[in-house]
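Here the protein sequences come in this chain order: W and Y.
Per this note's numbering, numbering through the first sequence is continuous, rising by one, with the last residue being 338.
Per this note's numbering, numbering through the second sequence is continuous, rising by one, with the last residue being 855.
Simulated from the structure, these hints should not be mistaken for laboratory data.
Just so it is clear, the structure is predicted and the values come from calculations on it, not from any experiment.
Take the hints with a grain of salt, since some may be wrong.
To be verified - The following label-pair restraints were derived from C-beta to C-beta distances: (1) Y/564 x W/155: 20 to 26 Å; (2) Y/334 x W/140: 51 to 57 Å; (3) W/334 x Y/448: 39 to 45 Å; (4) Y/452 x W/155: 51 to 57 Å; (5) Y/360 x W/261: 37 to 43 Å; (6) W/238 x Y/443: 30 to 36 Å; (7) Y/326 x W/261: 54 to 60 Å; (8) W/140 x Y/329: 25 to 31 Å; (9) Y/452 x W/149: 29 to 35 Å; (10) Y/334 x W/261: 46 to 52 Å.
Said to hold, decoys possible - In the SDA-like style, the derived pairs of lysine to any residue whose C-alpha atoms are separated by at most 25 Å in a straight line are: (11) W/78 x Y/686; (12) Y/364 x W/301; (13) Y/686 x Y/524; (14) W/198 x Y/365.
Built from N, CA and C at the ideal position, the CB exists for glycine as well.
Here is what each chain is made of, one letter per residue.
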Amino acid sequence: MKKKLFLVILGIALTLSGCLGRPEKPLTVYTYSSFPTALVEQIVSHFEQEHQLKVEFRSFSDTGPLLNQLVQEKEQPQADVVIGLDNNYLPKAVSLDVLEPYKPKAAEAIKPELVFDPDFYLTPFDYGYIVFNYDSQRLERVPTSHQDLLDPYYRGKIVVENPLTSSPGQAFLLTTIALFGEEGYLDYWRELKKNLLTITPGWDEAYGIFTSGEVPLVLSYGASPVYHLLYEETERYQALVLDGGAYAQIEGAGIVKHAPHPEGARLLIDYILSPDFQRLIPETQFMYPVRADLELPASFRIAAQADRLFNLPPEDVAANLERWLAAWEQVINE
Amino acid sequence: MKRFSSLARKKERGEKRGGRSVLYYVLLCLFYLPVLSVLSRAFLGRNAWTALLGLLSSEQTLKVLTFTTKQALLSALFSLLLALPGAYFFGRYDFPGKRLLRSMMIIPFMLPGILVVLGMVVFYGRNGFFNQLLAYLFPGRTVTFTELYGFKGIVLAHVFYNFSFCLRMLGERWERLNPRLEEASLMLGASKFETWFRIILPLLLPTVGYLFTLVFLYSFLGFTVVLVLGGYLYQTFEVLIYIEYNHKLNFDRASMLAGLQLLFLAGVLAVQNWTGRNARRYSGELSYLPPLSLKRHRCRALFFLVYLVATLLFFVLPLLLVSIRSFQQRGQAAGAWTLENYRLLFREEFRFAVGQRLVSVVVTSFLLAVVVALITVLLADLVAKQRRRYRWDRSDLWLQLPTGVSFLTFAFGLINLTGRALPTWVLLIWAQVFLAFPLVYSILRTARRELGEELLEAAQLLGATGRELFWTAEFPLLKRALGSALAYGAALSLGDLSAVLVLGQGKLVTLSVAVYRLIGHYHFPLATALGTVFILLSLILFSLVDAGKLEDHV
């Protein structure tokens, strides 16, 4: 009888310890919430089939909250890989010490001008231009330079995003600094302000107001028209490259410092640079792939083509951004 | 006899603690621990007090405070002024379509901010419907409405959000005013005007005061609307906190701003509580009266019709225009009509943008809303029952304070406190109960207080058990309040975006999240289609709740 009881207790104890013993934690990726499901599923199924690894995605409303989470978990990192920190976030992420550098095997295949981080804390995987889009049915005079936008003809016809709360907005602020210098950009904004219908907190609201027909000019992405071509079969919306150039938003992926699965994390970084994965990017993410050896799909003929990049050196941005933003805020509130 | 003495003892014990039970204190802990964890960060850090002084004396703080207060005051004032005539008709008269209209009044509460903003733009914008109408009515002359983007636009949007909710709450209150008081006053020779000012207004005043405060708080904490329409000139504290926390990653300053905001709003609530005290003395004299038929009062019916058409035009049409967009061919401004966008809701395209299928989004949203509403109503009703014998006092104020806490602050505090150790859905329900509790509690608190002690005590003395008592005496009398409380609880949960985004980690996809994801992938027509589907489903849900509670009336 006693023996039986002992066996029962042993059985229960074993089952319990089985339950308590944590199952292998999957490879965990943090990203922002608009990262395309198609790409998520591609990664998950590839790792299941090729490496017998389970990958789990957790998404955050925006890059800010994502970085926030990494900082909060610094003592006990939960994530292995982070996807979607862009060139403007690099200095901040490095100074917060949440990333581990890793130079991917295919590093040579990346277009050299896109490698914004020579130490590879972040590996670029896609990029896009932050440019104005216009509604060809509602705009008769199409501007060709940033100076043109100051013409009274455009009064109330432009919507831009707030550089304090949105990454396209921030890229545009940097564009004006690249073009007009630290001495000139505030004067430019003083004039531009008169023509702005409003400044929205994020891209969603700005683009919504634009497609409602309220304004003919909006700050958006160079590949936005591709969507309308693919899904609505219209070329009504056009990208606008002013002054022959554009600011590139380069999105990167990186390995979290002290990641639980460093091996798997490295495999993942290598995978998103593979031609298979890179080929999916244009028509799911509406961004350009970073590999130099890929052809773009036909729909991208309508996307913006920029001859030069306005991008400022990341260390300049890191050193001055706070100051530039504060000065901008003051001018806007004048 | 034994029963009686135990009842008396219970009463005595309750008296001593002012009706505050263990549950009351548990709720306080659930609500205030996360808030305290944010505040401690703000006020206990190094150099906290120097930084605080700097913040207090800065010009920006003063500017933000002035603007935020001014727009919130005006929003509350106009919401109530607009709601007053409607509340009168909803409270006094019966007319066809009343039930549906009543259910419709909750809709703005549960819609994602971006759809409301788009509705405003499509209707009041420069190229919007309203301006086209003006151009049509006054050809040749340049009569235009160009005030949407700025201070007036912000107030307009906040009135848009809140006036229908004021109308409903005030109307329900009006329904319960005892008509005999009015009759008596008139019979004693008082003029109609005098009767209104000295009898009816004082009876309505507590509700008016409460609603004023509530709209003030909601507008004070405004976020999306202020950001989109205010452009760059206007910022609320909520906007500052968001920027500090998410973009400058300056947690201490963000917490400090949140703390300041909380102190200020707590002050507002305390003042309201203090001024409302005298008015509440009147609130004993209540009863239901059968609504009058509008058909017999032609002149009033006409006035009501004008009012109704105007409010429908200015407040319902903007949302309707957004819905109409979902029936248009994509990429065409005024193209052919189509159901294509609705078909696409069931396709892979939807799943790729949103991450889940439509069915699971619908089920998740409504399940969460119903669970949150039930939990909130249960907790609120228990506390309200325990406190039914007491006048509204400081203890109730503590349960109202969540309205004054920026929801952003609460979600961050929750993460700060639990470190995400609890499962996502627990955190989410916790946060949404916090969000819904004050409003739900105030509805039930008033209803319980007015229920009257005598009836329940009589039933108890006659030997009714707890369950019998509830189903035969309390429930029929509380039905209406319970229905409203459930509906608002569910609506607040459905409309919530911040909690799901901050706490949901991308796994829980609700209506608001899905709408944002669709828009993030350029699928604007799909987003409007989804919005329309949710409006219809919610209307059905709220109609069911309202039908349940009106049953005894019709």
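So, going through the hints one by one against the coordinates:
no.: 1; hint: Y/564 x W/155: 20 to 26 Å; verdict: 48 Å, violated
no.: 2; hint: Y/334 x W/140: 51 to 57 Å; verdict: 56 Å, holds
no.: 3; hint: W/334 x Y/448: 39 to 45 Å; verdict: 25 Å, violated
no.: 4; hint: Y/452 x W/155: 51 to 57 Å; verdict: 27 Å, violated
no.: 5; hint: Y/360 x W/261: 37 to 43 Å; verdict: 40 Å, holds
no.: 6; hint: W/238 x Y/443: 30 to 36 Å; verdict: 32 Å, holds
no.: 7; hint: Y/326 x W/261: 54 to 60 Å; verdict: 42 Å, violated
no.: 8; hint: W/140 x Y/329: 25 to 31 Å; verdict: 59 Å, violated
no.: 9; hint: Y/452 x W/149: 29 to 35 Å; verdict: 33 Å, holds
no.: 10; hint: Y/334 x W/261: 46 to 52 Å; verdict: 31 Å, violated
no.: 11; hint: W/78 x Y/686; verdict: 46 Å, violated
no.: 12; hint: Y/364 x W/301; verdict: 51 Å, violated
no.: 13; hint: Y/686 x Y/524; verdict: 35 Å, violated
no.: 14; hint: W/198 x Y/365; verdict: 22 Å, holds
Consistency with the previously given hints fails for numbers 1, 3, 4, 7, 8, 10, 11, 12 and 13, ordered from lowest to highest.
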